[in-house]
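> So the sequences go chain by chain: A and B. Using my numbering, the first residue of the first sequence is number 21, and each one after it goes up by one. Using my numbering, the first residue of the second sequence is number 293, and each one after it goes up by one.
A hint or two may mislead.
[Stated by the list, open to error] Calculated pairs, PhoX-like style, for lysine-lysine (alpha carbon to alpha carbon, straight line, at most 25 angstroms):
hint	chain 1	residue 1	chain 2	residue 2
1	B	K443	B	K429
2	A	K540	B	K443
3	B	K387	A	K189
Keep in mind the hints are simulated off the structure, nothing from the lab. Note that the structure is predicted; figures quoted are calculated from it, not measured.
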Amino acid sequence: MAVIGRTSLKGIASGRSPAWMAGLVALISLLVLPWGRTDRNLLEFDSRLLVLNQAPWLGGLLLAVVVVLTLSSLLHLPLVQRGYALAGLGGAGFLAGVGWLVATSVPFGVGAFIALTALLVMVGIGLSESGIIQNDPFVTSSILLTSLFVLLFIVYPLFTVLRESVLVKGVFTLNKIQSVLTSPLFISIENPYTDHSEQLLVNLTTLALGLLGAGLAARGGFRWPRVLTGLGVGLLLGWIVGAGIFGGGAFPTSLYLALIVAPITTALGLVFALLEQRSRAAWVRRSLAVVSLLPLITPPFVFAFALTYWLGRSGIITSDLLGLKTSFLFGINGVAIAQVFAFTPVAFLILRGSVQGLNASLEEASATLRAHPWHTFRDITWPLLRPGLAAAFLLTIIESLADFGNPMLLGGDRNFLATEVFLALTGRYDPNEAAVYGVVLLCLVLTIFGLQRLWLGNTSFVTVTGKPGAGNFSPLPVWLERTLQTILALWGLAVVLLYFSIFYGSFVQIWGINNSFTFKHYVDLTNLGLPVLLKTAQLAFISAIIATLVGFLIAYLVSRQQFWGRGLLEVGSMLSFATPGTVMGVAYILAFNTGPWLLTGTGIIIVLALVFRNMPAAVRGVISGLSQIDKSLEEASTLLRAPSSTTLRRVLIPLLIPQLLAGMVFAFVRGMTAISQIIFLISPGNTLATVLMLRWIEQGDLGRGAAMATVMILGLLTVILILFAVSRRLGRGTSLEAAV
Amino acid sequence: MAIWKRNVRWWVLVALLLTMSTGLAQQRVVNVICSVTQNWCEALGPAFKQATGIDVRIVSVSTNEALARLRAEQANPTFDVWFGGTGDPHYEAFKDAITEWYRVKAYNDLSPVMKAAIGTTYIPLYQGILGFGINPKVLQDRGAPIPRCWKDLANPAYRGLIQVSNPNTSGTAYTQIATLVQIFGEDEAFNLMKSYHRNVAEYTRSGVAPRIALGRGEIGIGIQFMHDLVEFKKQGFPIEIVAPCEGTGYEIGGLSLVRGAKNKANGQAFMDWAVSPAGQQVGFQAGIFSLPSNTKTPLIEGIPDPKDFKLINYDAKKFGNPDLRQRLIARWTREVFPLPRR
Numbered sequence: 021m022a023v024i025g026r027t028s029l030k031g032i033a034s035g036r037s038p039a040w041m042a043g044l045v046a047l048i049s050l051l052v053l054p055w056g057r058t059d060r061n062l063l064e065f066d067s068r069l070l071v072l073n074q075a076p077w078l079g080g081l082l083l084a085v086v087v088v089l090t091l092s093s094l095l096h097l098p099l100v101q102r103g104y105a106l107a108g109l110g111g112a113g114f115l116a117g118v119g120w121l122v123a124t125s126v127p128f129g130v131g132a133f134i135a136l137t138a139l140l141v142m143v144g145i146g147l148s149e150s151g152i153i154q155n156d157p158f159v160t161s162s163i164l165l166t167s168l169f170v171l172l173f174i175v176y177p178l179f180t181v182l183r184e185s186v187l188v189k190g191v192f193t194l195n196k197i198q199s200v201l202t203s204p205l206f207i208s209i210e211n212p213y214t215d216h217s218e219q220l221l222v223n224l225t226t227l228a229l230g231l232l233g234a235g236l237a238a239r240g241g242f243r244w245p246r247v248l249t250g251l252g253v254g255l256l257l258g259w260i261v262g263a264g265i266f267g268g269g270a271f272p273t274s275l276y277l278a279l280i281v282a283p284i285t286t287a288l289g290l291v292f293a294l295l296e297q298r299s300r301a302a303w304v305r306r307s308l309a310v311v312s313l314l315p316l317i318t319p320p321f322v323f324a325f326a327l328t329y330w331l332g333r334s335g336i337i338t339s340d341l342l343g344l345k346t347s348f349l350f351g352i353n354g355v356a357i358a359q360v361f362a363f364t365p366v367a368f369l370i371l372r373g374s375v376q377g378l379n380a381s382l383e384e385a386s387a388t389l390r391a392h393p394w395h396t397f398r399d400i401t402w403p404l405l406r407p408g409l410a411a412a413f414l415l416t417i418i419e420s421l422a423d424f425g426n427p428m429l430l431g432g433d434r435n436f437l438a439t440e441v442f443l444a445l446t447g448r449y450d451p452n453e454a455a456v457y458g459v460v461l462l463c464l465v466l467t468i469f470g471l472q473r474l475w476l477g478n479t480s481f482v483t484v485t486g487k488p489g490a491g492n493f494s495p496l497p498v499w500l501e502r503t504l505q506t507i508l509a510l511w512g513l514a515v516v517l518l519y520f521s522i523f524y525g526s527f528v529q530i531w532g533i534n535n536s537f538t539f540k541h542y543v544d545l546t547n548l549g550l551p552v553l554l555k556t557a558q559l560a561f562i563s564a565i566i567a568t569l570v571g572f573l574i575a576y577l578v579s580r581q582q583f584w585g586r587g588l589l590e591v592g593s594m595l596s597f598a599t600p601g602t603v604m605g606v607a608y609i610l611a612f613n614t615g616p617w618l619l620t621g622t623g624i625i626i627v628l629a630l631v632f633r634n635m636p637a638a639v640r641g642v643i644s645g646l647s648q649i650d651k652s653l654e655e656a657s658t659l660l661r662a663p664s665s666t667t668l669r670r671v672l673i674p675l676l677i678p679q680l681l682a683g684m685v686f687a688f689v690r691g692m693t694a695i696s697q698i699i700f701l702i703s704p705g706n707t708l709a710t711v712l713m714l715r716w717i718e719q720g721d722l723g724r725g726a727a728m729a730t731v732m733i734l735g736l737l738t739v740i741l742i743l744f745a746v747s748r749r750l751g752r753g754t755s756l757e758a759a760v
Numbered sequence: 293m294a295i296w297k298r299n300v301r302w303w304v305l306v307a308l309l310l311t312m313s314t315g316l317a318q319q320r321v322v323n324v325i326c327s328v329t330q331n332w333c334e335a336l337g338p339a340f341k342q343a344t345g346i347d348v349r350i351v352s353v354s355t356n357e358a359l360a361r362l363r364a365e366q367a368n369p370t371f372d373v374w375f376g377g378t379g380d381p382h383y384e385a386f387k388d389a390i391t392e393w394y395r396v397k398a399y400n401d402l403s404p405v406m407k408a409a410i411g412t413t414y415i416p417l418y419q420g421i422l423g424f425g426i427n428p429k430v431l432q433d434r435g436a437p438i439p440r441c442w443k444d445l446a447n448p449a450y451r452g453l454i455q456v457s458n459p460n461t462s463g464t465a466y467t468q469i470a471t472l473v474q475i476f477g478e479d480e481a482f483n484l485m486k487s488y489h490r491n492v493a494e495y496t497r498s499g500v501a502p503r504i505a506l507g508r509g510e511i512g513i514g515i516q517f518m519h520d521l522v523e524f525k526k527q528g529f530p531i532e533i534v535a536p537c538e539g540t541g542y543e544i545g546g547l548s549l550v551r552g553a554k555n556k557a558n559g560q561a562f563m564d565w566a567v568s569p570a571g572q573q574v575g576f577q578a579g580i581f582s583l584p585s586n587t588k589t590p591l592i593e594g595i596p597d598p599k600d601f602k603l604i605n606y607d608a609k610k611f612g613n614p615d616l617r618q619r620l621i622a623r624w625t626r627e628v629f630p631l632p633r634r
């Protein structure tokens with residue numbers, strides 16, 4: 021690679037340095053762009069805000085540094101010595117600039133942002149040319165920049181949440197954690213209205229499941245470690261189930277909900293994946309193709325919204341058909357049903373990968389040896405499926421814990437962790453309490469991610485793209501095929517009915533009360549919702565482009581370059597994927613509300629939140645794309661003495677255009693449908709479609725909400741279909757797995 | 293230079309991003325945080341723009357959320373004016389120096405009763421009276437009587453039939469707690485709330501929300517401000533309105549200027565307009581039936597008139613006090629809300 025070419029020249033080489041370009045940018049922005057600002061307006065311009073007027077000594081220092089470095093970069097000087105100067109002086113300038121911002125708490129201006137970024141690029145070039153870091157200048161600068169972004173927009177906000185949970189009004193205390201964890205909103209077990217003791221029931225359930233777990237573990241031979249693990253897992257699950265059924269409070273409720281949703285969703289996902297691979301019926305394939313699109317085109321909580329039409333207190337099924345006046349939908353039941361509908365396609369997309377990774381020849385061999393189909397399934401298929409199932413199961417648990425919209429609409433009188441984060445901040449205005457809930461949620465999610473790593477090792481659970489082996493899969497037994505098809509048909513029918521009810525609801529005056537046809541809701545939507553929709557599309561589009569570019573850069577760095585801290589960069593960039601949306605939203609509002617990084621109340625913070633939310637998907641998409649491109653292409657380019665920036669532009673990007681395009685469209689779609697991470701961040705002029713829709717539905721403008729949902733679904737569907745058409749013309753398929 | 297030519301695609305991309313982000317810039321506006329119903333909030337912008345040429349940018353959130361938001365941004369407010377919502381949070385915001393008092397041009401025309409109740413803390417915008425919304429058919433099907441008094445709500449016949457908002461997010465709910473405390477005394481009021489807690493189907497986030505389930509026949513009783521119920525009734529929902537026999541409380545909807553507002557002059561212009569007859573009639577067009585504060589505003593039919601009801605002497609100053617407010621909400625959140633309802 022580039023290192024080979026340079027080490028031979030090291031020490032004697034001299035010449036110009038590309039750092040002059042960055043230097044020029046820094047110089048211009050220092051001279052003409054505002055260093056700080058007085059308010060949220062980033063485009064504010066006032067000569068008093070120039071760095072030379074605002075902080076003369078800092079301005080002088082930075083200008084001197086930049087001028088010296090720029091001039092020396094234009095001269096033919098020894099690379100190594102100048103590299104040291106670039107890295108040392110540039111680094112000092114960067115630290116002085118950041119230090120001034122932090123010390124004075126002046127919100128950064130455009131000039132500061134550009135100048136500091138340019139300085140960092142110069143540092144990167146210096147580190148590379150001096151040989152301190154064995155990568156070429158472009159790569160080194162990219163490493164520094166992406167690390168800075170990840171630190172500032174992922175790690176720092178999360179750190180703020182941790183800090184707020186123990187730092188109340190500037191004083192370190194654990195009281196807040198204690199008072200939240202003991203509050204009845206968090207856990208409450210005893211019910212004073214009943215004669216029996218709920219605590220006793222919970223204890224009994226815990227014990228029973230604990231013993232059951234130990235018993236199951238001991239079945240295959242009594243070994244202490246196994247039995248103890250079984251006992252521990254059983255006790256844990258027992259407590260969750262017991263406290264979820266008999267008790268209340270956000271903590272047991274959320275866990276219990278996840279435990280209900282995950283197995284059902286995983287099972288349905290497996291059914292769909294098996295059908296897709298082995299069913300001969302054409303309708304099955306066609307409907308599964310639609311199923312795989314659903315999570316992309318469905319705004320959050322739309323299923324929850326539609327469910328109230330069918331199963332609500334005056335729903336078609338519950339009230340009109342069964343004559344019940346029941347609130348059964350509002351609480352764990354309703355949220356669980358809505359989540360099963362929303363997450364099954366996700367589980368399907370994950371399991372599809374591992375089902376396709378199955379090896380047909382193994383099954384053929386087993387059949388040839390006259391094994392009973394059941395034995396084949398138990399001894400061959402099942403063990404191969406287990407990692408995929410575990411991945412789908414754990415991911416569903418995480419999605420369920422982090423889900424915000426469904427509990428918001430259908431939660432009824434139960435509390436959930438993700439909504440409690442929101443209510444603590446917006447309702448009770450207790451940032452510390454919100455932070456404690458956020459930390460609890462974060463710990464749970466990270467524990468589950470940890471478990472997954474432990475079980476599945478480092479295998480990526482999203483795209484298991486094994487090469488399909490030779491041989492043909494034996495079709496499913498007829499009875500099994502029938503059963504699975506029935507499940508799919510029922511599920512599909514339910515989804516069609518749910519979508520239809522949204523569509524229908526948008527065209528009637530008042531659903532169920534006055535069913536006469538009207539365009540009223542669409543007229544209202546055009547007047548009131550259209551500007552918001554356009555704004556949402558604009559913000560989502562900007563964020564999609566940036567997310568794709570940054571994601572691409574990070575993916576390239578972590579998969580094609582060797583450098584210290586590579587693992588950290590990868591983990592850091594994935595953190596925002598693992599973090600539940602509400603927690604990230606709280607983190608952003610706590611971190612960027614005051615001080616040098618003031619960004620709340622602007623459209624930019626929404627863009628940033630979306631960028632760092634959707635970037636991990638782009639990273640994974642590009643990494644999987646890169647793994648299919650042989651390194652020799654890049655090596656050839658490098659040997660022809662192209663710097664890595666040229667290699668990227670001329671070799672990798674053209675080859676990866678389908679992945680980049682798909683990544684961008686998915687980021688756009690996810691940006692349009694995001695709610696949990698941005699509901700805190702909306703501001704005048706920057707209201708988003710999902711938030712407006714939630715507000716309409718909550719206030720009873722159901723028709724208008726339905727019209728908005730219909731327009732969004734159709735719009736997103738169009739976008740996705742265009743993407744498919746384009747990628748077919750480009751000659752490569754687009755994998756939906758990356759979008760999950 | 294060659295560099296420009298070679299990278300033309302990238303420059304186009306950068307230019308595209310820049311032009312798209314210019315949309316994020318802003319001019320001659322007033323930023324309003326709005327805590328009345330969505331319809332009313334949405335009607336304000338076009339009407340004010342037509343009257344003055346100033347753009348209105350509105351975020352609508354429930355009253356307590358608005359207070360939380362303004363408090364969070366106290367050092368650096370995004371909003372200029374806080375429009376509507378129950379008065380107690382407006383009073384609290386004034387006490388905590390989040391808002392400031394501004395004497396609107398039409399101040400002399402405003403209802404003397406409303407002005408006397410709140411002094412120079414915020415500007416009265418409208419008056420709303422707390423009541424029960426009833427869906428007679430639902431109650432009939434259950435064989436439950438129509439509730440006439442606060443104490444009737446504890447009747448087990450109403451199990452799962454009541455909706456009321458959550459004081460953590462809704463100003464309506466706090467007005468109701470304060471009303472009960474003033475009628476019955478604090479402990480007695482909390483016992484009452486605990487006694488009907490089991491009958492509550494759901495505590496809604498927004499104070500306006502119970503009427504939805506009520507109108508759809510999902511519940512039988514919704515406790516909220518009467519004017520929102522009148523609006524729904526006029527839309528054709530089968531509901532009736534009852535005023536509780538022990539007396540009922542009321543809100544004085546507030547209008548406040550945010551302290552340190554970035555567009556102060558525009559904000560003041562907006563406030564002047566909002567309490568003028570022309571501004572208050574915007575509410576009527578949006579289907580609002582609360583009693584407007586400007587005595588010169590011509591009324592329309594259907595507005596609940598305070599003279600027709602047994603109103604308590606609501607102590608706005610005492611119950612707008614932040615400490616008491618927070619204590620009562622915290623007590624409700626710890627003692628009433630988490631109790632199971634099975």
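> Now tell me, hint by hint, if it's right for this structure.
Outcome of the hint check:
no. : hint               : verdict
1   : B/K443 with B/K429 : holds (21 angstroms)
2   : A/K540 with B/K443 : violated (42 angstroms)
3   : B/K387 with A/K189 : holds (20 angstroms)
Hint 2 from the list above is the single one not met by this structure.
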